[in-house]
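Student: We have chain B; now place chain P onto it with these hints.
Residues per chain, in single letters:
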Amino acid sequence: MKKIPLVLSVNGEEYDIYIPPNRTLLEVLREELELTGTKEGCGEGVCGSCTVLCDGFPIRSCLTLAAEVQGTEITTVEGLKNEDGQLDLVQQSFIDRGAVQCGFCTPGMLMSAKAFLNRNPSPSEDDVRKGLSGNICRCTGYTKIVEAIMEVAKKK
Amino acid sequence: MRLPSFEYLEPRNVEEALEMLAGHAGRAAVVAGGTDLIVRMKQRLAQPAFLVSLKQLGGLNYIRRENSLIAIGATTPLVSLRDSDLIKTHFPSLAGAARLIGAPSIQHLRGTIGGNLCLQTRCLYYNQSPFWRSGRPPCHKDQGKICYAEENSDRCRSANQSDGACALMGLGAGIVLSSTRGTRSLPIEDFFTGKGESPFAAGPDELVTEIRIPVPGNSEGSSFQKLTYRSAVDFALVSATAWLAVEKGRISRARLVIGGAGASPLLLKETSDKLVGKDVHDKHAVEETARQARNHASAFMVDNLGSTLEYRKKMSAVMAKRAVQKALDRCLGNSSVKGRKSQEDQKS
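As they're listed, the protein sequences go chains B and P.
Per my numbering, the very first residue in the first sequence carries number 1; after that it's consecutive.
Per my numbering, the very first residue in the second sequence carries number 1001; after that it's consecutive.
So that you can see chain P by itself, here it is in the shape it has in the complex:
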């Protein structure tokens, strides 16, 4: 299918890009790799009048350490995260998520971490061809007044299926947004609105330029787990990421996030806090965490992805359990044998 008409803009640097976005605010879309946007344009789910290409903004492709932070440029390709020693060592969950996005042939040049973070929320009843959608009135996300996923829902119930966003939320990343008005940094929780119709807190003139993640200590570990039908080129039916810190044989800090459930990755603060203080070998605590994760995630899930709702709810517990257990293993691995990497980390 042909793409709709648009004017193609190719800024030479970030400043020029921001000026274009400010000048055409609301009518312009940013294209980094286009693996999400171009599909949505073909399906007429997005019809921007201007397309601002980030092709020439080479300055946004980097992974570097800045004191206690690791800064990642927004147009860094997924393969760089997947293969970076810095990322693999400190953030195995992020390296793992990057490896699971699309397929190697998408991760090389076109798939970027900034693009994946800004992946639009998805729904079985929305991400369809114009012909498919033309059979009935438009849904909330399509500027209509109806939801096909949840009867009588007064709002859009689409799901955030971005693996990168889920992993980054687990790591407590900060998102740097730039515009001609200046630069601001948001905790990743505030970058998402939780609303299916407009999932991001960024203004129409703002550009995600950088992702900043605090460097973890030695006895910290993270893991990302994703449930899909296919092993590649598939979105998460449900996913989970855990980031844990261990001190003196007990969990000292925890962040558990469920993806593919609501319009934002769900940071389960209460459930995470209950893990704090638990012995690292306390299997019962992990089971209990998984059960709570399922309860919380279930409240956000509706039947809007390519699998039954009951299965996704059940599997949210399994994903949470695997993520916590794997993160714990990595915590212990990191503290006992420094720099030891599991087999899973090394595969790419």
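Only chain B is shown next, with the shape it has when bound in the complex:
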């Protein structure tokens, strides 16, 4: 398979890479760029654990070809923290509220939550549940996750 050159902008940094065209964004993030914060769950677009932001919108990185996102700005969980190294409000709230158990869904949850809150600064609990309905968590029962997101919304 002929490799293709690609310029990806991830967390504000530009990466020049040379990859076979059949690589998904998830594979490139984890294997080429060593940004292993983004997790692969089902690999079929169902669970949402591979969610990253593309120009601020959540996408499934396991179903997105890396070549398809050239020219956009990708944000992964590694890029959530502020410039001074402080955790993002959503991350801190997940910790404070105990919204993490095994942690595997957490990077995807954080990215979906971040994109959701950017568009819905004062949501109802129902809005949060609908907004995050594309992310599956098998541990928490979602209660703590919803609470954590509601807390961030109240602080803003």
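Any given hint might turn out to be false.
[Unchecked claim] Label-pair ranges, simulated between beta-carbon atoms: (1) P:Arg1250 / B:Asp126: 34 to 40 Å; (2) B:Ser122 / P:Gly1058: 30 to 36 Å; (3) P:Arg1250 / B:Gln70: 52 to 58 Å.
Please keep in mind that the hints were generated in silico from the structure rather than gathered at the bench.
Cβ coordinates follow ideal geometry from the N, Cα and C atoms, glycine included.
Tutor: Then chain P, alone, in the frame of chain B:
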């Protein structure tokens, strides 16, 4: 799982895309968002030699009014349909269907209406990993000669689970197909073949470029109802959409469609016609319609989705009833208080 090998093509405009499709006819697949195709490629259910990306074809992302039609570009993301005032006002069934496809995180960028319309038919015994399928001979859809869903079936019995296709068929949409040979427009009924092996009437060199829907009058209403186990990221076990027009307290035109039953959304012409002339408050007529819908849909259903066949058959009546009732409510709402929207319409 890694994707199979392919050559990636990125046309800069529609003309270039059509030339690529014509040049590699039968060996190329179109990728808009990829939420269906990439999964099928991972499962080795599709192994195109060329992948034609529509990424740079920004010209196909629009919703606009053209006289008595609303035209929707094929790569318009589902979220645009979900949130568009034009769609919410005129076609609440389509806005509702868009809201129920996947989840918000899929509707934003990757899920497109053209892609959803072209969602391949699905079956519990086909949409599986290569390992799962390797245990026995391939089925009709996998170029084999056997059907695991229906014993002794001589053809593929997979189901169309596209919510967009079901809603669009209810609205009597037209599908615009383009190729280097020219452009043609098909009524949505003719876009589907009804065959599980090859569900679409589009040629291998053709691209769905636009969806055109006639703008309804004031006393018309539509609704889409979907049955799933999960509230998000799930395909319809059975769905129904109804589009109705009301004149002088009676139903004057009707289109009832059942999704998730056959290889195409089922337009129930006979059942729809029987609704015409009925009083808008005739509950018995709605019940009777639901019963007929179940009878017709049951003839197409086989045990091939993640629920028992009997339950899906029963629920086809319930979905049909809810769709007709909701569409009627909207007809009456539209004619008495113009522009009034139900709570369901406004939620997103």
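Student: Should the hint that Arg1250 of chain P and Asp126 of chain B are 34 to 40 Å apart at their CB atoms be regarded as holding?
Tutor: Hint holds: Cβ distance 38 Å, inside 34 to 40 Å.
Student: CB of Arg1250 of chain P to CB of Gln70 of chain B, is that within 52 to 58 Å?
Tutor: Given a distance of about 57 Å, which is inside 52 to 58 Å, the answer is holds.
Student: Hint says 30 to 36 Å; check whether the CB-CB distance for Ser122 of chain B and Gly1058 of chain P agrees.
Tutor: This hint holds: roughly 32 Å between Cβ atoms.
Taken one by one, the earlier hints all hold for this structure without exception.
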